[in-house]
Amino acid sequence: MSAVWHTEFDNLQLWLEGTSTPNEYDICVAMEDWWNKYPKHPRRVLFVSRPITIGNETRTPPLPDPQILAIHATCARVAQMSGAAKYMDEYDQELDNSTVLAADGSSAAFFNQLLLSASLQAVLTHA
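Quick note: to get the working numbering, add 366 to the position in the sequence shown (first position is 1).
Check each hint, because a few of them may be wrong.
Stated by the list, open to error - Simulated restraints on C-beta separations:
#	residue 1	residue 2	range
1	N478	V414	40 to 48 Å
2	D376	A475	19 to 27 Å
3	A475	N389	41 to 49 Å
4	W371	A475	29 to 37 Å
5	I418	T373	48 to 56 Å
6	A369	S472	16 to 24 Å
Since the hints were made in silico from the structure, they are not lab data. Ideal placement from N, C-alpha and C gives every residue a C-beta, glycine not left out.
Required output: the full structure, derived from the provided sequences and hints.
Set out below in structure tokens:
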């Protein structure tokens with residue numbers, strides 16, 4: 367998944383809904399005009415796993431877990447319906463734009479959340 371698409375997936379703006387074919391998913395987006403940026407991209411994906419050889423070792427990476435993708439899809443739909451996704455986008459934007467602590471300490475909780483978020487991402491990335 368490209369970095370842009372992965373960000374949209376993480377922000378609950380893009381999710382995958384299973385089809386009747388195993389490991390095949392419809393790509394769903396919060397805003398239908400989002401597809402205007404990717405007019406030639408297919409709206410359905412089929413995951414396959416092929417062996418990868420590194421040195422003398424061959425491994426076959428696992429396919430995405432359908433249950434986890436279904437939970438993500440449910441969370442994304444709920445976030446879109448509740449307006450929570452917009453709040454999360456605004457919060458992420460605020461995190462991205464903040465670089466210094468306020469002199470009066472009022473931004474301490476905000477930066478604590480930023481550090482917690484970064485540490486959770488690191489744990490999930492290396493899990």
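Hints violated by the structure (numbers, ascending) | 5, 6
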